[in-house]
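**Q** Since chain A is already given, all that's left is putting chain B on it; use the hints.
The primary structure of each chain is shown beneath.
Number of protein chains: 2
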Amino acid sequence: MKKLILGLLVFVSSYGSAQDGYKLWLQYKTVDDAKLRQHYSELNEAISLDTTSSTGKVIQKELKLAMQGMLSQKPQFSEENPTLLIRKVADLPKNLKPKQNLIDSINDEGFSIQTIPSKSTAKILITAKTDQGLLYGVFTYLKQLQLHKDLTELSITDSPKIKKRLLNHWDNLDRTIERGYAGFSIWDWHLLPNLIKQEYIDYARANASIGINGTVLTNVNASAYILQKNYLEKVKALADAFRPYGIQVYLTARFSAPIEIGGLETADPLNEEVRQWWKDKATEIYAEIPDFGGFLVKANSEGQPGPNNYNRSHVDGANMLAEAVAPHDGIVMWRAFVYSDEKPDDRAKQAYTEFVPFDGTFKDNVLVQVKNGAIDFQPREPFHPLFGAMPETPLMMEFQITQEYLGGMSHLVFLPKLFEETLQEDTFSQGKGSTVAKVVAGSLTDTQLTGIAGVSNIGNARNWTGHPFAQANWYGFGRLAWNPELKAKTIAQEWLGMTFSTDPAFVKPMTSLLLDSREAVVDYMTPLGLHHMMAEGHHQGPGPWVKDLGREDWTSVYYHKADSLGIGFDRTATGSDALSQYAPEIEKAYSNIETTPEKYLLWFHHVPWGYKLKNGKTLWYNLARHYQDGVLEVEKMINTWEQMKPYVDEIAYKKTEMLLSIQLEEAQWWRDSCLLYFQQFSKMELPDFIPKAPHTLKYYESIRDPYAPGIKPSWD
Amino acid sequence: MKKLILGLLVFVSSYGSAQDGYKLWLQYKTVDDAKLRQHYSELNEAISLDTTSSTGKVIQKELKLAMQGMLSQKPQFSEENPTLLIRKVADLPKNLKPKQNLIDSINDEGFSIQTIPSKSTAKILITAKTDQGLLYGVFTYLKQLQLHKDLTELSITDSPKIKKRLLNHWDNLDRTIERGYAGFSIWDWHLLPNLIKQEYIDYARANASIGINGTVLTNVNASAYILQKNYLEKVKALADAFRPYGIQVYLTARFSAPIEIGGLETADPLNEEVRQWWKDKATEIYAEIPDFGGFLVKANSEGQPGPNNYNRSHVDGANMLAEAVAPHDGIVMWRAFVYSDEKPDDRAKQAYTEFVPFDGTFKDNVLVQVKNGAIDFQPREPFHPLFGAMPETPLMMEFQITQEYLGGMSHLVFLPKLFEETLQEDTFSQGKGSTVAKVVAGSLTDTQLTGIAGVSNIGNARNWTGHPFAQANWYGFGRLAWNPELKAKTIAQEWLGMTFSTDPAFVKPMTSLLLDSREAVVDYMTPLGLHHMMAEGHHQGPGPWVKDLGREDWTSVYYHKADSLGIGFDRTATGSDALSQYAPEIEKAYSNIETTPEKYLLWFHHVPWGYKLKNGKTLWYNLARHYQDGVLEVEKMINTWEQMKPYVDEIAYKKTEMLLSIQLEEAQWWRDSCLLYFQQFSKMELPDFIPKAPHTLKYYESIRDPYAPGIKPSWD
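Residue numbers (this note's numbering), protein chains in the order written: chain A, 1 to 716; chain B, 1 to 716.
Okay, chain A solo, but in the shape it has when bound (with noise of 0.2 Å):
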């Protein structure tokens, strides 16, 4: 029976549809081993569970899905003699209350799993103070099986470190999807309200399970239109979709908006008729939609309208707005990723002016949304010196889960890698140890407004994310959303077991190869500190050369500042200064290039092409050294992959094999074209093991690609 049971999934997992990744992480893939089969089927043979609520009723069909596919067994969901037992702690009799320090350990979110000792039938109880964290605590019971854990011994209470995790999708009204490359958005506007996809639902059960508990809709490059009634009515299917598995919905608000859609003549945040428009138009929002969570806002930056336009500052914008939403719980969270439009100083350091200024000004139910680094959510930037540095103000932080720097959806990067090494640099704002996961957290300033956002990579493709292992990146976020202290490592060891495999022959050169893929993608584009010197406008590729756009700080050549006597950009103070911004620890040790990290070099320093680092070559030979260390773990990537043909369902494994063969040819195009690049200035000799490269420096510049994804093309 177990063979004919194999045999049809296998029959269903080799057809396509059935196995192109469309599930993620929640497989509930059939548990093999029969003493841990029956271990499992024992524990979950009859459940209590409180169903009256919409969140309990999401949370039986998940027990049953997962029950179905792990054990091939049809849970009893009965109050007698139950073996699992979910229940609210006000809801649980006296003797499996749990102790009063356990109960004030967790938050509203938080949860606690736990083998019962006592002699009742229920095995296991799973308690909360609220659905939302039954659901989350029973997202984290099922992975316990899809991890293929003894449960004899169950006790895990946790609680989310932070309160408003978001995905943020820059989804266009037209479906596309600005640096999206997973397809169309997901978003079917026209049909809406009416028709509600089982894709929405998957969508709010994915996030759910990672403890997703919010979405903005729209893109921060923003449309009025969202906010018509029409639109409206849609935002509302969505959010009644969303509710029961605990995602608030959000939208972008357009500054512009009371011009655009409200008839007035201005959207001054001063002008009481503008104040009242945005009123008015939070209190038809909330009518519809009672939990709407509030607005993101992209405000004069990158052409965006916002309060600058009359001459109004990011204060005045974000609290008009605050004002608007208050009275309905709503937040405001307002991006920090302003450039000015004159002639800019140093890009890096434009933020920071301009708001921390503005620290403690805010109205409570404001955040600043702040990218994790000054410039572009590049392979490896420094912190943004902005967290820290506004201790009265709750900053939001905003990872790009979409790899719009890191090889759009071809090139296979593990981003938790890249998150975790933000959130564990050391801000020193309250001394050392005050890491930046810490300053978003709040536990620092004791701050209870706190939010972590990621620009979604989901679109729809198929699988959701395009390549199979992006949906580890969107997984990824919302682990370290829910605890910013989790380490990349655990997270790809969960991500593989419930994807793929348990099987430690998987998932142990599985896990290396992740943790590596990060330092592979920043040596083979833009290693030692180097930065934004991709391909122009759509980003895929080399372009080490731009120059001369229409803004100097939207080139290549602005940040990487290549010429005879080295390479680099010198932020300290003999030049842009831009190191001020940290705190003096950091500025003291970056502003000497002997004590700056050799990741960060060029980020901080000019350093000339002869240069010694500490093992002793030259900076030339480090730099043609990175590149081809970049190059080399591809092709150890590629190796491992082959291996790993045993685990992996065969669609699965050839489209990575062959989405890998893409990021090998991309990784050596940039270390060719960049290499060559380089030398026009060093005038040094390659090292030996770089090999010649096919083409020469002029046809890599000649290169074009008007149809790259991830924006709308210009040439047609």
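I should point out that these hints are in silico values taken from the structure, not numbers from a laboratory. Mixed in with the good hints, there may be bad ones.
[Said to hold, decoys possible] Computed list of lysine to any residue pairs in SDA-like fashion (alpha-carbon distance at most 20 Å, straight line):
id, chain 1, residue 1, chain 2, residue 2
1, A, K61, B, E701
2, B, K654, A, D240
3, A, K636, B, S159
4, A, K229, B, Y699
5, B, K698, A, N230
6, B, K654, A, I201
7, B, K229, A, Y699
8, A, K229, B, E665
9, B, K234, A, K692
10, A, K99, A, E153
11, A, K61, B, E665
12, A, K698, B, K229
13, A, K636, A, P509
14, B, K692, B, A708
15, A, K35, A, L154
16, B, K698, A, Q228
17, A, K57, B, E650
18, B, K645, B, Q493
19, B, K229, A, D240
20, A, K229, B, A708
21, A, K143, A, D240
22, A, K229, B, E701
23, A, K29, A, E153
24, B, K94, B, D104
25, B, K234, A, D426
26, A, K236, B, S661
27, A, K654, B, S661
**A** Quick look at chain B alone, frame taken from chain A:
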């Protein structure tokens, strides 16, 4: 055991992607009837098949998949004692060779399936002259099993009646699709040639299963970029993936490509450099893709460049390209959808006026591709007068499968009924019975090069087409391309049985629903011969009030000409005289309002509001009656669908239910807004059966939908 299998399948099919329609009509569902299954199992126990060719290999793969799905049976593939024998005629042993007249009756793509009466172990023989014929034979054989046919006296001999059976993809290189309603283009150009998605293989399989043998990958509003070397490598990769399934690739040729990517100063088709450039380009293409199909060209139409830019004719342009591909056996499909940039006489007349004089002057490898009607893919149009009017020129039929004017992807409309109507109209070109089908199949003129094209409705939606029932239109187009004499009813029955269920309690009512759905859309959008009065630009929803656009013949008022006297376009001798382009038999009948079929009444006549139709009621009354009948028909569809719940899986059931609710709302919107609009002119009361419209005409006229799918938005 059976219960377990069913249980597992139910589990699988109730979860997300496993049941998203990705499998199309190739569901290969378990045959539940034990006796029938036994019958099938015995016949397919052992299969003898030549797998030396790549097509042989895919036949084997398909048989495995089908037998595993339908019978949970792994057939033996061996030459020893096969029960099913699949062999080319030339390779058959003498005693199994079919009679010569049977062999003569099939063409190179045809096949014969016969129950073998002899005492050999082989019980069924599938034979053909080519591997491709075998592939078609196998798919046809598998269809018998899918439809639960008795195989004891199988005798099917069939050949395609049309040589070039193509899909046309209006897919842009940035993956948007013009008039596409099912997401992004499935061609992921950026990741080609390396990434060969499983979707490409399954696309080819699906097409081969219905006899489609070619695909034009790119939009007729073309980019020259596709003809560049780096893109041709991508095209080659697709051609390689499709080849085993007998699918040839074609491209659209932008007429100005010699300037845009060739660096020439002109694209004049009589210029020697230009001619040489195209010859060289063809040589370059065929070096990569030896079986490249050829070019499709939209020239001098809607802003596309063409020979007229150089005062050359369509013949000059087409023949230049034909000369370039002729040495490689390529063809040119030259679209007749052209209309003058100057003030139109009657747009319906223009293609005929321009092309008839060219009859007989195109090179042998040119097909003139003609839309089914003279305007533009309306819910109903009389056949295009060019059919039958160019006996010396092969005319290729162009149908539109994507529902540009038929509700986008939210309306259930079974298009084979529309295609059948056009194909069965009589051109009288060679006397009575000279149907459009015969013109297209070339049987009236013994034309060898014949063709038919369908503008694809496929995108990267998880189920390919968005609406579950839009798959039927892809299926139906393929079947009619194979045999334009097929009945829409037969196609509906086949598709329903293969896709959902063979249960007569399902197939019978649903066949009626499908067949009636086309008249419903005509009724609620454009009854009695009305046409081209959809909303501006995106064509979603009603827009009879559209006027004052760049061109008169882009407006609605140009087409319906409603005024205080009546409504309709006088195309008789007293009007535009477009009728004179048809055969005298038609001209005579349709010139007289009394003998004009009522379905074409307002296409050919301007009719007084009070004119009495055959039922003795006024035109105004009948107009209202048709609009109301359309709405009632959709209500009936909803009722029928509700009764189909037991036969359809839950997600597809709900999705269709939600889509039908959109269709009903939009049918009402059409009825209410059109009747209010026309009432301004008729000044007549609406019959009692028309409910009061919920909105004013002004409201309907104010509706804008800048993000409607299918076109690039103009509002941002």
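**Q** Next step is simple, just say for each hint if it's right about the structure.
**A** Each hint tested on the structure:
1. A:K61 with B:E701: violated (45 Å)
2. B:K654 with A:D240: Holds: K654 (chain B) and D240 (chain A) sit about 17 Å apart, inside 20 Å.
3. A:K636 with B:S159: With Cα atoms ~52 Å apart, K636 (chain A) and S159 (chain B) exceed 20 Å; violated.
4. A:K229 with B:Y699: holds (14 Å)
5. B:K698 with A:N230: Holds - the C-alpha atoms of N230 (chain A) and K698 (chain B) are around 17 Å apart, at most 20 Å.
6. B:K654 with A:I201: Holds - the C-alpha atoms of I201 (chain A) and K654 (chain B) are around 13 Å apart, at most 20 Å.
7. B:K229 with A:Y699: holds (14 Å)
8. A:K229 with B:E665: holds (18 Å)
9. B:K234 with A:K692: This hinted pair is violated, its Cα atoms lying about 26 Å apart.
10. A:K99 with A:E153: holds (17 Å)
11. A:K61 with B:E665: Answer violated: K61 (chain A) to E665 (chain B) is near 32 Å, above 20 Å.
12. A:K698 with B:K229: holds (18 Å)
13. A:K636 with A:P509: holds (11 Å)
14. B:K692 with B:A708: violated (27 Å)
15. A:K35 with A:L154: Holds, at about 18 Å.
16. B:K698 with A:Q228: holds (18 Å)
17. A:K57 with B:E650: Distance of about 18 Å is within 20 Å: holds.
18. B:K645 with B:Q493: This hinted pair holds, its Cα atoms lying about 18 Å apart.
19. B:K229 with A:D240: Between K229 (chain B) and D240 (chain A) the Cα gap is close to 50 Å, so the pair fails against 20 Å, i.e. violated.
20. A:K229 with B:A708: holds (16 Å)
21. A:K143 with A:D240: violated (26 Å)
22. A:K229 with B:E701: holds (17 Å)
23. A:K29 with A:E153: With Cα atoms ~23 Å apart, K29 (chain A) and E153 (chain A) exceed 20 Å; violated.
24. B:K94 with B:D104: holds (16 Å)
25. B:K234 with A:D426: violated (47 Å)
26. A:K236 with B:S661: OK: K236 (chain A) and S661 (chain B) at ~18 Å, within 20 Å.
27. A:K654 with B:S661: Distance ~41 Å between K654 (chain A) and S661 (chain B) Cα, so the pair is violated.
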